[in-house]
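Enquirer: Please take these sequences and the hints and turn them into a complete structure.
Each chain, letter by letter, is given below.
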Amino acid sequence: MPDELANQTTEELALNRDNSMPYQARIGDKSIEELPNDLHVPPDAMIVMLESFEGPLDLLLYLIRKQNLNILEIRLADIADQYMQYIEMMSTLRLQLAGEYLVIAATLMVIKSRALLPQLESDEEEEANPEAELRRRLQEYERLKNASERLDALPRVDREVHVVHAPLAESYAPEVQPEIELKELMVAFADVIQRSKLYQQHRITRTTISVRERMTDIIGKLEKSEEQVPFDALFDVREGKVSLIASLLAILELMRSSLVRVTQQRPFAPIFVGLAEATSVG
Amino acid sequence: MAELTVTEVKRIVETLLFAADEPLNVAALMNVFDSEYDDPRSFRELLVAALDELEMDCEARGIELVQVASGFRLQVDKAHSEWVHKLWRRNPPRYSRALLETLAMIAYQQPITRGEIDEVRGVTTSGNILRRLQERGWVRELGRKQVPGLPILYGTTRAFLDYFNLRSIGDLPPLVDGESLRVKEERVEPPRIVANES
Amino acid sequence: MAELTVTEVKRIVETLLFAADEPLNVAALMNVFDSEYDDPRSFRELLVAALDELEMDCEARGIELVQVASGFRLQVDKAHSEWVHKLWRRNPPRYSRALLETLAMIAYQQPITRGEIDEVRGVTTSGNILRRLQERGWVRELGRKQVPGLPILYGTTRAFLDYFNLRSIGDLPPLVDGESLRVKEERVEPPRIVANES
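Residue numbers (our numbering), protein chains in the order written: chain F, 842 to 1123; chain R, 9 to 206; chain W, 9 to 206.
It should be emphasised that the hints constitute simulated quantities derived from the structure, not laboratory data. Treat the hints loosely; a few may be bogus.
What the hints assert, rightly or not - Part of the chain W face toward chain R, derived, beta carbon under 8 Å:
id, residue
1, R19
2, I20
3, E22
4, T23
5, L24
6, A27
7, N39
8, V40
9, I71
10, V84
11, H88
12, W91
13, V92
14, K94
15, L95
16, W96
Said to hold, decoys possible - Distance windows between CB atoms, simulated:
id, chain 1, residue 1, chain 2, residue 2, range
17, R, D60, F, K1062, 51 to 57 Å
18, W, V155, F, E1022, 32 to 38 Å
19, W, V155, F, A994, 30 to 36 Å
To be verified - Using 25 Å as the maximum straight-line C-alpha spacing, the simulated SDA-like pairs for lysine to any residue come out as follows:
id, chain 1, residue 1, chain 2, residue 2
20, R, K94, F, P1019
21, F, K1024, R, I177
22, R, K86, W, F41
Even for Gly, the Cβ is constructed at its ideal location relative to N, Cα and C.
Expert: Structure follows, in structure tokens:
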């Protein structure tokens, strides 16, 4: 097996291994068993696949299952080469490789070299047997994986379990208002963001908040004043360069959304900012 | 298809009203059953009959079926509200998850429209929640977004910041990635405008 | 004082469960009624009888009375959940495999340290995951293990059990083989916990 793979590029290699992955190729309702060698797999897809492993044990377990063998049957030395190919792919694609992957790689190399020297088997009772140890860890990990899948399958609130609720009639509702903690708000936001696939990571950043906040601030200032506000009154130089840029971007964004109007009587005259007509607030 | 009986419809409607955070009107209820009938008119009659029966059933319990502007709702009746007050004196009431999520969306993403909130939350946010947040003085209308339909833009108020002891919205703990909340950091990068087309 | 009948208590308890935002246990229910009885023991019996009757009443409806770790709650029964899903097309929250593996490790092997979790998972568990589990209220610190470095011991909370519809840790689904996630039991002595009430 290792020899036959030796001449292939990492991409072809990945294609050959890809058949039983969760990311199967399909045309119509026909799944593609054999992929043409010249088909280009975008590196992004490869990264998604490689990152889907939870760690080296998960990767090893996948390699074992792919051969339809269980942990106790497989000779770990036999899959050492496949494991190494994946490690290579990961570094080729510059994925951040956790140190744990390399530790397991070293262990597999030790196991493989011992397998090549069968006459030493008499020693195995005395010294630590790395193959038995790795097998034990794989068994443990497999149990954990099963346990977490079962946990995930339990009926749970918000998914299968709907807690029933009835409010009091508004007229009997107490004056006492529910209290919340800031932490609850953060958790709610984290949940919502995680649930949403529409949001990319970069959309939720501190800097985004500051520009949006600035937009709210500026609208607030404009609402308070009856008339238009001089452009420079919307800036506070003491806030520093970054804040000034944020204010400017906020004004530009508000202009773009037609929430404010910026006027200037003639060139070099003072610039005024006011709320756009349609934004009168009740 | 198997026809549903009035009693079955009544039971289903009861669970729907209990599970929904919001009053449900006949149209919303009809939607839930849309695979169950061929003739909307006769099903509507069945539904109304079921609601009538449910209303009568409630009389023997501590709840009542009422019709408010946005639809039907099951609520604790007056006699039993006293008991709920006793409970709340020891276990104060809490806001629903839907309300917290809506407030969080507004706090972090303002100015934001209801449509934008719905898009991320994946459900329709009820007007009731927005009204409660405004009544509490935490959320206000900032204006209207200049897109078709002129949707209202929402933002948080000074009172919101005061309640949470924040000096500004920038003091909200930032969310760095979808998975986790990182402790507040002082990283200063040029702000980037995020396109907020809807 | 006027004695309450089982039926009256049943109705009141039902409305309390409707209005409460969290499960209620017998003690919390007793508290609500504390001005109504002289003899706690006999009232407790009345209350339990009322809960039994309520459970039976529910069978004729689409809801069920269930007992989870922190008490009783009313929820839509399995047959009617389908209908609620039709009403409520929301994407349920999903959790990453890393988070679920960490949570499973803690649930099945508690009290457990982060190092012990990492050992089985074969990777370093991110602090974000543990923090997120704590923020969600599912995991808490139990104390410190009396070994060098005094690592924190983690365990699950009642809120975790409530969320997953369980009454106790013993109700977790059984492991595929063996009673423990650890294949070779290495613990010689039971871990000692230093009290650290949270």
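Enquirer: None of the hints should be skipped; say for each whether it holds.
Expert: For each hint, the structure was consulted:
1. R19: holds (4 Å)
2. I20: W/I20 check passes; min Cβ-Cβ to chain R is 5 Å, inside 8 Å.
3. E22: holds (6 Å)
4. T23: holds (4 Å)
5. L24: The hint holds - W/L24 has a Cβ within 8 Å of chain R, the shortest such distance being about 5 Å.
6. A27: holds (4 Å)
7. N39: With Cβ-Cβ at 6 Å, under 8 Å, it holds.
8. V40: With a closest approach of 5 Å, the W/V40 hint holds.
9. I71: W/I71 check passes; min Cβ-Cβ to chain R is 6 Å, inside 8 Å.
10. V84: For W/V84, the interface hint holds, since the closest Cβ of chain R sits about 5 Å away, which is under 8 Å.
11. H88: holds (4 Å)
12. W91: W/W91 check passes; min Cβ-Cβ to chain R is 5 Å, inside 8 Å.
13. V92: Hint on W/V92: holds, closest Cβ of chain R at ~5 Å, below 8 Å.
14. K94: Constraint on W/K94 satisfied, holds at 5 Å.
15. L95: With a closest approach of 5 Å, the W/L95 hint holds.
16. W96: holds (7 Å)
17. R/D60 - F/K1062: 51 to 57 Å: Taking Cβ atoms as reference, R/D60 and F/K1062 lie about 55 Å apart, which means the hint holds.
18. W/V155 - F/E1022: 32 to 38 Å: Given range 32 to 38 Å: holds, Cβ gap about 34 Å.
19. W/V155 - F/A994: 30 to 36 Å: holds (35 Å)
20. R/K94 - F/P1019: holds (15 Å)
21. F/K1024 - R/I177: holds (15 Å)
22. R/K86 - W/F41: Between R/K86 and W/F41 the Cα gap is close to 17 Å, so the pair holds against 25 Å.
Consistency with the previously given hints is maintained throughout, with no hint failing.
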